[in-house]
Amino acid sequence: MVRSLFQQRVGSLKRNWTLQFSTLVVVTACYLVVCISMLLSQNLRKILTVWGEELQMTVYLSENTEVADVESLKKTIEANPNVGKIKFISKEKALEDFRIQMASYAPDVLNEKDLLSLIPESFQVSLSESLKAVDHLKILDTLAGTLKNEKAVAEVSYGQDWVQKYGQFLYYFEKICQALGIIIFCAALFVLSNVIRASVQSRRQEIEVLELIGATPAMIRRPFMVEGALIGLASSVMAVGAAYFAYMNVVKIFESELHFLQLSQHLHFLGIELVVFFCLAGTLLGALGSYLCVLQINNGWAARSL
Amino acid sequence: MIEFSHVYKTYPGPVHALKNIDLQIGKGDFVFLTGPSGAGKTSLFKMISAFDTSTSGLVQVAGFDINNLSKNKIAEYRRKIGVVFQDFRLLKDRTVFENVALPLQIRGDRPSVIQRRVQEVLEQVGLVQKYDQFPEFISGGEQQRTAIARAIVHQPGVLIADEPTGNLDLQLSEEIMDLLERVCSQGTTVLVATHDHEMVKRRSKREVQLKDGLIVGDQ
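Each protein sequence line maps, in turn, to chains A and Z. So in numbering that gives the first Met the number 0, spot 90 of the first sequence is number 89, and the numbers just go up one at a time. So in numbering that gives the first Met the number 0, spot 164 of the second sequence is number 163, and the numbers just go up one at a time.
These are calculated hints, taken from the structure and not from any lab test. These numbers come from a predicted model, not from an experiment. For each residue, glycine too, the CB sits at the ideal point set by N, CA and C. Where hints are given, some of them may not hold.
What the hints assert, rightly or not - Here are the in silico distance ranges between beta carbons for each label pair:
1) I271/A to T41/Z: 57 to 63 Å
2) S69/Z to A245/A: 49 to 55 Å
3) I35/A to A61/Z: 56 to 62 Å
4) L39/A to G12/Z: 54 to 60 Å
As the list claims (entries may be wrong) - Residues from chain Z that face chain A, not an exhaustive set, calculated with beta carbons under 10 Å:
5) F50
6) I73
7) P102
8) V112
9) H153
Stated by the list, open to error - Which bits of chain A does chain Z cover? Going by a derived footprint, with three or more residues having C-beta under 8 Å, they are:
10) 198–207
11) 210–224
With the hints as extra help, turn the sequences into a complete structure.
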């Protein structure tokens, strides 16, 4: 039964190959736009998240803090589930780092004997990698508020201005991605439904004759749905293939001409789960589009043409 | 086989397409339905082929009450009748054989049964040699014979033909009418709508005349 239905539809695809080919091309183009949008969105998010991973918080300790208080503070910070890494920076280490950084800018300052007493001890705190970049600002704010109340803490610094701007940028970026995603999806759906409708309309006579000789509505719709699903599957597979080809070329450009950006290692193609989901959704959409179009015309056409 | 009892059909307007139609056609009868345009022939055909229902009255064909058919019953009913049109209604992208085989495929017959039955019908209508041709490559008469073959391949109890010779010359028209008479002689009830009064006279069959939605003659 399934084999016969499949053979029948392949036969139909062969008979109407010019129409089906043009449908296939347009549907593939629609799916390709959606696929590339997903790819762009995923990689931009990844790059922005990588930038966000460099965010750190410095917790400066009060003068003459007891070792026990320092240990207690460390435990408090480590106990926070949003914290990834924590590193203690002693006065000596901080001074050494300062000297290395300032050596070429202000060599005279480095000879100051009181410099060591001016530099406080601190903890450098990184956030957990599993956190979403868009949540970083909120988490850092909350964490800073908590730590400021600790007796051993003199000051908390995490580049508030930069983090705030970065957080806002991420927020708007996410919103724009969502809005564009909806617009692209609707546009693709509109084109897809029109192409399928045109394809089904052009075979109105076939539907009409089938009605006349006693085919049930389900009998008439089923082959069109199988055909729509086949076109949807072929289009989504071709769209993924074309997007992969484009992706490989972009990666090559980032590895050669744009190597200085060091972004190529952060670029990734859609995961296998997403590719499978995309192909399944494409197949389903093709079948559904055909079903809805046939549903509109498989009801009274033959009557009007009698 | 076909029974209309006090049938009225009114379209919005109101347009009274059929008025108090009483008509009985028995099994194996051959009947011509004549009348000018707008007489109600199309409304009558729509009811017999279950594409419309009457406003009031009873329409019964081959044991089916047309006004009370469910969607699935409509399809089942249409598999028991055959319909032929003036413009043939053949699928252009299928061969003569494939066009004729359609009703049997829909009925779910086995390929071997379809092969044998289509072969028989093509012999009956004289189209065995053209089985693998596409409709646009055969003549108008051959196209109409293909349409008739498709309408009778599943051995329907009733065959309705709407102006089946409207697009054909005199000789081809006679051939088609001979063919329909042969189908009728095998026990199928045949109802033919036509404008061709000369042909009706030559055939000496029962003629039902319609005018303004009324039966004005039955002889």
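Structure-based check of all given hints:
1. I271/A to T41/Z: 57 to 63 Å: holds, 59 Å
2. S69/Z to A245/A: 49 to 55 Å: holds, 53 Å
3. I35/A to A61/Z: 56 to 62 Å: holds, 58 Å
4. L39/A to G12/Z: 54 to 60 Å: For G12/Z against L39/A, whose Cβ atoms are near 59 Å apart, the range 54 to 60 Å holds.
5. F50: Since chain A brings a Cβ to about 3 Å from F50/Z, closer than 10 Å, the hint holds.
6. I73: holds, 8 Å
7. P102: Holds: closest Cβ of chain A sits about 5 Å from P102/Z, inside 10 Å.
8. V112: With a closest approach of 14 Å, the V112/Z hint is violated.
9. H153: holds, 8 Å
10. 198–207: With 3 residues in contact (Cβ-Cβ under 8 Å with chain Z), the coverage given for the region 198–207 of chain A holds.
11. 210–224: holds (count 8)
In this structure, the one hint that does not hold is number 8.
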